[in-house]
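> Residues -22 to -1, 1 to 260 (mature numbering (1 follows the signal peptide of the UniProt record, and there is no 0)) make up the sequence shown, in order.
Since the hints were derived computationally from the structure, they do not count as laboratory data.
Careful: at least some of the hints might be erroneous.
Below, simulated BS3-like cross-link-like pairs (lysine-lysine); rule was C-alpha separation at most 30 Å, straight line [what the hints assert, rightly or not]: (1) Lys30 <-> Lys18; (2) Lys18 <-> Lys101; (3) Lys233 <-> Lys191; (4) Lys255 <-> Lys244; (5) Lys194 <-> Lys101; (6) Lys155 <-> Lys194; (7) Lys178 <-> Lys244; (8) Lys191 <-> Lys39; (9) Lys52 <-> Lys178.
Quick list of the computed label-pair ranges, beta carbon to beta carbon [claimed, not checked]: (10) Arg176 <-> Lys233: 20 to 28 Å; (11) Gly149 <-> His12: 42 to 50 Å; (12) Gln99 <-> Asp242: 17 to 25 Å; (13) Ser210 <-> Lys255: 46 to 54 Å; (14) Asp220 <-> Arg176: 40 to 48 Å; (15) His12 <-> Asp242: 35 to 43 Å; (16) Lys233 <-> Gly87: 15 to 23 Å; (17) Pro251 <-> Ser32: 32 to 40 Å; (18) Arg176 <-> Thr9: 15 to 23 Å.
Note that beta-carbon positions come from the ideal geometry of N, C-alpha and C, so glycine has one too.
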Amino acid sequence: MAASLSLAILVLLGHLMATSEANFHQHFDVTWGHHRAQIKDGGQLLTLSLEKDSGAGFQSKNQYLFGRIDMQIKLVAGNSAGTVTTFYLSSQGPNHDEIDFEFLGNSSGNPYTLHTNVFSQGKGNREQQFHLWFDPTTGFHTYTILWNSQRIIFLVDNIPIRVFTNMESQGVPFPSKQPMSIHSSLWNADDWATQGGRVKADWTKAPFVASYKNFKAEACIRNPPAASSTCSPGAWQTQGLDAAGRNRIRWVQSKYMIYNYCTDLKRFPQGVPYECKQSRFL
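Whole structure, please, built from the sequences with the hints as guidance.
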């Protein structure tokens, strides 16, 4: 009887802990947009909406110095031209670090553009863009930023699409010292988002809505001014790509990559950045 009761308590505690991982009330603050950001279902679902006068955004209560951050997102359906949905990590200040997912909407029937970038010490210009191998508006898909001291891996449904390796020892800036918060937003960027701004948002289709659920962070929480971190143990701390991961990233980049700064010789007539000349999948 006592053993059965103990087991029941453990199951209940495990359920509560799993629920608290995804609870938006517990982990996030709405930072702008007021009623356009709504937390629903007891904290398990968050929606952002965009109308002509404003979008909305939210930010994590904690800051992190390395971790694996997962978020399931369902993007704006239908004619999403002119809209941008973001999910990213960022520190504060002019020399900030940042790791970006940005989803650039498109006219009905055309694919979203998934834009990725890495900033370190205020410098970005490391864009890679992709189309997706599924419709990201019909259901939730998992977008992951895995950031450890060796590398950053961008994953979609646990499939790696990009790796940015730490080459600080070779003079390439890498985000390794500044704690970052999790941010997300839905906003109007019809001056540039879709075909360079040639396709504008159709406001008769508003409000545009993006939805979020199943947030999970296995990470080191480091909230300044505290000098120490509280870290979740796990493989994320040293994770790289195995043979299967390297095959998957090659598949994604050969079939779905539409822009890579490392091959843009018009942009870099004196030669591409140093990191572009090294192995991409270290």
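> Compare the structure with each hint and give your call.
These are the hints, each one checked on the structure:
no.	hint	verdict
1	Lys30 <-> Lys18	holds (23 Å)
2	Lys18 <-> Lys101	violated (37 Å)
3	Lys233 <-> Lys191	holds (28 Å)
4	Lys255 <-> Lys244	holds (16 Å)
5	Lys194 <-> Lys101	holds (28 Å)
6	Lys155 <-> Lys194	holds (22 Å)
7	Lys178 <-> Lys244	holds (28 Å)
8	Lys191 <-> Lys39	holds (17 Å)
9	Lys52 <-> Lys178	holds (21 Å)
10	Arg176 <-> Lys233: 20 to 28 Å	holds (26 Å)
11	Gly149 <-> His12: 42 to 50 Å	holds (45 Å)
12	Gln99 <-> Asp242: 17 to 25 Å	holds (22 Å)
13	Ser210 <-> Lys255: 46 to 54 Å	violated (35 Å)
14	Asp220 <-> Arg176: 40 to 48 Å	holds (42 Å)
15	His12 <-> Asp242: 35 to 43 Å	holds (40 Å)
16	Lys233 <-> Gly87: 15 to 23 Å	holds (20 Å)
17	Pro251 <-> Ser32: 32 to 40 Å	holds (37 Å)
18	Arg176 <-> Thr9: 15 to 23 Å	violated (31 Å)
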